[in-house]
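Residue numbers (the working numbering), protein chains in the order written: chain A, 1 to 435; chain B, 436 to 870; chain C, 871 to 1305; chain D, 1306 to 1417; chain E, 1418 to 1529; chain F, 1530 to 1641.
Take the hints with a grain of salt, since some may be wrong.
To be verified - Computed list of lysine-lysine pairs in PhoX-like fashion (alpha-carbon distance at most 20 Å, straight line):
#1 A:K435 x E:K1502
#2 F:K1563 x E:K1451
#3 E:K1451 x E:K1483
#4 C:K1305 x E:K1451
Claimed, not checked - Label pairs and their calculated CB-CB ranges:
#5 F:P1539 x D:D1400: 49 to 55 Å
#6 B:G647 x F:R1601: 32 to 38 Å
#7 E:R1455 x F:T1636: 53 to 59 Å
#8 B:F755 x D:E1380: 23 to 29 Å
Claimed, not checked - From chain A, some residues computed to sit far from chain C (all C-beta separations above 12 Å):
#9 I153
#10 G237
#11 D359
Worth flagging that the hints you see were computed from the coordinates, not collected in a lab.
Since this is a predicted model, take the numbers as computed values, not measurements.
No residue lacks a Cβ here, since even glycine has one placed at the ideal position from N, Cα and C.
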Amino acid sequence: MFPQIIGATLLCFAPSVFATDTTPLNTGNTAWILTATALVLFMTLPGLALFYGGLVRSKNVLSILVQCFAIASLISLLWLVGFYSLAFSDGGNLQNWLGGSGRIFMAGLTKDSMTGDIPEVVFAAFQMTFAIITPALIIGAFAERMKFAAVLIFSALWTLAVYVPVAHWVWGGGYFFQNGLIDFAGGTVVHITAGVAALVCALVLGQRNGFGKVAMPPHNLTMTITGAGMLWVGWYGFNGGSALAANGSAGMALFVTHIAASAGALAWMACEWIKFGKPSGLGIVTGVIAGLGTITGAAGVVGPAGALVIGLMAGVICFFMTQLIKKTLQIDDSLDVFPVHGVGGILGTFLAGIFCSPDLGIFSGFGYAGEHTSIASQLGIQVMGIVVIGLYTAVLTWVLLKVTALLTSGLRVSADAEREGLDLVAHEERGYDIK
Amino acid sequence: MFPQIIGATLLCFAPSVFATDTTPLNTGNTAWILTATALVLFMTLPGLALFYGGLVRSKNVLSILVQCFAIASLISLLWLVGFYSLAFSDGGNLQNWLGGSGRIFMAGLTKDSMTGDIPEVVFAAFQMTFAIITPALIIGAFAERMKFAAVLIFSALWTLAVYVPVAHWVWGGGYFFQNGLIDFAGGTVVHITAGVAALVCALVLGQRNGFGKVAMPPHNLTMTITGAGMLWVGWYGFNGGSALAANGSAGMALFVTHIAASAGALAWMACEWIKFGKPSGLGIVTGVIAGLGTITGAAGVVGPAGALVIGLMAGVICFFMTQLIKKTLQIDDSLDVFPVHGVGGILGTFLAGIFCSPDLGIFSGFGYAGEHTSIASQLGIQVMGIVVIGLYTAVLTWVLLKVTALLTSGLRVSADAEREGLDLVAHEERGYDIK
Amino acid sequence: MFPQIIGATLLCFAPSVFATDTTPLNTGNTAWILTATALVLFMTLPGLALFYGGLVRSKNVLSILVQCFAIASLISLLWLVGFYSLAFSDGGNLQNWLGGSGRIFMAGLTKDSMTGDIPEVVFAAFQMTFAIITPALIIGAFAERMKFAAVLIFSALWTLAVYVPVAHWVWGGGYFFQNGLIDFAGGTVVHITAGVAALVCALVLGQRNGFGKVAMPPHNLTMTITGAGMLWVGWYGFNGGSALAANGSAGMALFVTHIAASAGALAWMACEWIKFGKPSGLGIVTGVIAGLGTITGAAGVVGPAGALVIGLMAGVICFFMTQLIKKTLQIDDSLDVFPVHGVGGILGTFLAGIFCSPDLGIFSGFGYAGEHTSIASQLGIQVMGIVVIGLYTAVLTWVLLKVTALLTSGLRVSADAEREGLDLVAHEERGYDIK
Amino acid sequence: MKMVSAVIKPFKLDEVREALSEIGVTGLTVTEVKGFGRQKGHTELYRGAEYVVDFVPKVRLDLAVKEADVDRVLEVICRAAGTGKIGDGKIFVTDLLQVVRIRTGETNESAI
Amino acid sequence: MKMVSAVIKPFKLDEVREALSEIGVTGLTVTEVKGFGRQKGHTELYRGAEYVVDFVPKVRLDLAVKEADVDRVLEVICRAAGTGKIGDGKIFVTDLLQVVRIRTGETNESAI
Amino acid sequence: MKMVSAVIKPFKLDEVREALSEIGVTGLTVTEVKGFGRQKGHTELYRGAEYVVDFVPKVRLDLAVKEADVDRVLEVICRAAGTGKIGDGKIFVTDLLQVVRIRTGETNESAI
Ligand SMILES: Nc1ncnc2c1ncn2[C@@H]1O[C@H](COP(=O)(O)OP(=O)(O)O)[C@@H](O)[C@H]1O
Ligand SMILES: Nc1ncnc2c1ncn2[C@@H]1O[C@H](COP(=O)(O)OP(=O)(O)O)[C@@H](O)[C@H]1O
Ligand SMILES: Nc1ncnc2c1ncn2[C@@H]1O[C@H](COP(=O)(O)OP(=O)(O)O)[C@@H](O)[C@H]1O
């Protein structure tokens, strides 16, 4: 039993159980989830778009923005068509592995359908914004070199084959949900899947031409930092909204989220100050994102002091992982999606299993999940979740990239096009014409 | 009867009926409308300002931003002075055509005055943000060439003579309200009025010097796309908030809004891909806005599948109308306000009359309005609303431009000033000084 | 007694009194304060960061953004460690002057701890965002020349020694709270402290090299105006949220806030139009901020017409004070923090004492505070608050700057570093690389 | 061969380029520059702080031309770039010793 | 002394600079320019409005070189800047009468 | 007539322009350039990826001057632009065959 993440728990049988419509509407909770839905959309549009867009060279900035908007639009329509149904409606015999077809094209969804004490349509919209941001996170891995058509096809396939089932396993009443995996707001569902997929994408696509030789500095850090601020603010909705209520649980999720972000920022800043002699703005905001990504899975179950530790560890570990992936291993995960989101997601899912414990004194959290009654047993399922979801994501991502490559005769644009920049080549427009 | 747009319905007798203050406050609904008010302000400041600002040449970017802020400030004060009263207080004998004087300078408005179950001051503030964005939308038509004083005078006159009465007719208890016109969140009140006014402005002002000969590319599409993201997010408050409650109606309005935006984006993208060979970022976000503007009138009354059709049609039709106005007719509606907002508003108001029908199977909506009981009868009033409001707006806009021209000795700056750019000429400052 | 600012009143005994947890949770109020917390964070990140960042030269833009993010992170962690406790927990015998140690490291704070009818953790998070923005406001005074380490140390010390006690005096149950000082949302606690500190910083640090001789135009006014829009929107949460409820008081606070912002904008615009012949975009948004800063202390206690007067006065007086400080006195308060925020805070605190009066006809407010029953007596405590808090801030700021200077061997970077720009010198990165 | 460098008003660039194309000029290089001369700059005001910007945006064209074409080129630029108002700009002619086309290695007149 | 001015493709800048360093060139000045020539520009489309951009981004290098080094410098630039595709650019050589190093007042060859 | 081209430190631009005005120079053209020379550039670090920027921002002034004024102009530039630190820049003098004022058609010395 883990009443403390009752919000997340509620998700599980949502349409099926609550189709009875007996719980009366709570307008306060509904107001907060409507708001949270806006906040999470804001994270992608324009938050993530700007965060990523500023990091590429100016000849590719629009390609990033376009991809974020196009993915958002595409996944939204697919969500309506059937993804929501497959993730969150009752899967019957297959419930452990996939949802059902009951909500295909939102069949039977009225204004009165409820999920807990909020309208189901609000729940469906809120969840949609998570389904949007996850594939959008991945584009950082293949930035500046992938064909636009390939991006769209891959994103649609990936969301169907990876995001939707994993969301079902963890939140939709599936296997991991049944077995008490703690993932309050997407440490596994969002960050591990996106991070691992990014790593596979980077390996399959290969480095950008000139990687390591030619300077590829961010073209507009003011844009990136602006996006980081929006992500931070929007994350209040991401984690705070995952309580599916406007109560102490939402407040605590919001507060620990903020603390982890702050701690991640200062930890990354300290690493740079010590190692390079100067702390950078990009470093600080990357620490913010690392802290946010890491606390996501743990948000509703850990206390403020636990969040502080989680945030500090996120800053330090993601910092070193970024160095490792990029400099040591020479993997061109262009915008460092794996070392920040993937590693953060893994770390946070793991640490959630520790800091949820109510027996850590000042570092205590709000209790174990499901049948778990000790850190060891909780960590068991956490590690299993990390490994299974990580591996599943890796394999599927690889397969889907190969399929996409077939459909679009290769994933990458030509070397000439890459040099010219995707904005002109793929979209026939330029980001800036400032005189 | 159309209980499904009860939110909009409530608006009507607001101050008068609910001045009795008997409905107890609902904090959840109030929380959502406070939030929605912030979201709608965010649409103009900085959303629309950025969306438009990025589309002009860099020498005029500040003039756009300034106009948005100055209009917002001016209309807000006028709202307090009397516009709110004229739009939403009881008009007595004239109720069919205009509100009364009871709320001039917000007389008698206390913290306890109620509109339904939310404080009237919250309702007044929420409506104010709609009155702000409508004249701000129009500036896209005369961008880069109109005198600043003329912009201010015209905006004030226009809001008084067009927006305020139309808002009263449709939402404030006037003629169209009485006769069951469906306009959930401003398809007629906001988008048709702004769009038609824009067309008239473009015709009266004439083309920018060099239109069609000199390149006038957007100076900063990253700014435009950022603004589009903010508009999308803010529109959750625009349409979702128009339910005046945090309930299933608000949730459904939000969700169908999102679906129409996504469908508009993909439809516009497809049109460009097919017709030009490449989809552009500007195209995608223009499709988003077309979808949003089109769903606005229909938001609370159509279902998700209906919204999908509406969004797809919006993308395609607004795309071709943009080509028609700009390329075929050579009308310099500089930022395409009429083909996107005007056409979208007309289309959405029309389609609301169809997709509100509860008898369209999967495409069903939530019922007719007022006394209407069939698509045909509902379409009757919808078409009448479009025609009457469109014509009224066109005539008044023309007259007010002539009046303004007299007051400011001409609407346009000199050719030299136009070449120099409005930022320096009108505001003695430059947008960028990046080294 | 001043039930009209019951919100603010509630703050006072918060943790102590309400630790009894007997008031049931109000989800509507909680939803609004969660939202308001996001809005106030948004004011700093990225609102204020952009507003300030656009005003400096492009070689220093990142230094501003970095400082905003680093201060936010640092103060957040310190808030957790003990600042919240010192400001808002029961101070026992010292209650008049400082809070207690009961909430150090948020000890004893559970999801069920309540402050009034919202979770205490929500209240603590909301207040944290105020503690973040106050030191962040000050950086405008020493922009483009202060060492990064000095900024961090000074901000931490200043928040501890100035912000925390003043917040306790005014909101946390201390002396001024007991004596009926009206400060609804931070006229004294935020704006006077930040403004006065800025003036002292400018005097101690001295002018930037070349001040008055070399052109130092804002490098990106589109960024500044974007930030201003975000500040305006976020201020709805700042002032509206300070009601700690989603009710008519919050609505009224939001509405008068908006009116004062609009009036400030138009007043400043008029001043420039008359004095310089042209109104500028920077002028208009500065008027917005002046109006917002000025109404802050008065938001919940004045009516719309009072707010109009306050906003107009804010625009005019802050305009002339900016001229005085910069041009006449040649003080390089680089981003005009004192004349806008400091003067606005003083003015608003003073005018709150007048326009709270219920006896001013159309300009009436919602009543005096504490035991006060006349404008004269209310003004007594208002003036005392202004003088005491202003002087306390001035002296402490001076001392803390001297202490910081010792710790960092001087506050300023070298002249060469100042010419090179802080972005490269302090952070080894550049804001823009646009091709 | 001569190098003709013309400093002109930016909004005249397209007109000049087209006029030059018409007389057979097939290549030129353009630089954005700022000019200081008789034409006055402008003033900017930021919260009352006044900045006088002395420099005026200009565009500079560099064309390598054959000896024989110099006069015609000068005449065409003068005509196309002129507005009759102060600040129309100037043309400078210098001697050009050698030209190389990088792609082919061709030199001098055939490389122009 | 001669002034060698080369207009090249921007992405070749680093290569050319390194190749020049190798043969002892220690100083040069770079300008971002736009070129018009045989190499075509591109088209941009904004809501269906088409803008043909005739100009191609180029980079211009100016190097003051001693008489003796001119040929070697030309050769190195040609080699390092060449891709064999249209638009590789051109090199122009003019006579240089005088050079002054501001810091020291040194002149001519010792100032290069 | 001579064309004097000076590459200087950007923050010295106003000083140099004023010093030149004082000795009667009424026109000049300014280009933003990047210099490569003895003065070192800087390093930028982005998430640990290091970019060495070799080029230093400089400003280039081009002035057409009468034969007689050349020496005075060189001297004034040297004085006003000098800081004594590496990277102060260089001045190049080339021969100027012809000058035309576009607005009036005036040529040579009267066109300067
Ligand atoms: N002596 C000069 N050397 C170099 N450039 C000059 C010189 N005089 C003028 N210019 C350039 O020519 C431009 C136009 O000169 P200006 O005196 O303003 O007007 P006009 O062209 O009508 O004589 C200047 O902005 C500057 O770029
Ligand atoms: N006559 C010329 N004068 C000055 N610059 C020229 C001239 N011709 C070409 N250029 C420059 O050289 C560049 C390359 O020329 P182009 O004709 O495109 O190809 P290529 O170098 O292969 O001959 C042009 O973009 C332009 O900048
Ligand atoms: N041979 C050269 N040709 C063209 N420009 C040069 C040459 N040498 C130096 N420069 C320019 O002069 C600038 C200053 O030169 P540098 O060697 O750094 O210092 P200094 O001026 O003290 O000798 C360089 O940045 C470059 O722009």
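Tested hints:
The hinted pair formed by K435 (chain A) and K1502 (chain E) fails the criterion: a straight-line CA distance of about 30 Å is larger than 20 Å. Under the criterion of a C-alpha separation no larger than 20 Å, the hint pairing K1563 (chain F) with K1451 (chain E) is consistent with the structure, at around 16 Å. Under the criterion of a C-alpha separation no larger than 20 Å, the hint pairing K1451 (chain E) with K1483 (chain E) is inconsistent with the structure, at around 28 Å. A C-alpha spacing of about 12 Å is found between K1305 (chain C) and K1451 (chain E), which places the hinted pair at or below 20 Å, so the restraint holds.
For the hinted restraint 49 to 55 Å between P1539 (chain F) and D1400 (chain D), the CB-CB distance of approximately 30 Å leaves it violated. Range check, G647 (chain B) to R1601 (chain F): Cβ separation about 51 Å, and the 32 to 38 Å hint is violated. Against the hinted window of 53 to 59 Å, the Cβ-Cβ separation of R1455 (chain E) and T1636 (chain F) comes to about 32 Å, which falls outside the hint. The beta-carbon spacing between F755 (chain B) and E1380 (chain D), approximately 47 Å, falls outside the hinted interval of 23 to 29 Å.
Chain C leaves I153 (chain A) outside its interface by the beta-carbon criterion, the shortest separation being 30 Å against a cut-off of 12 Å. For G237 (chain A), the requirement that its beta carbon stay farther than 12 Å from each beta carbon of chain C is not met, with the minimum near 7 Å. Every CB of chain C lies more than 12 Å from the CB of D359 (chain A), the least distance being 15 Å, so the non-interface label holds.
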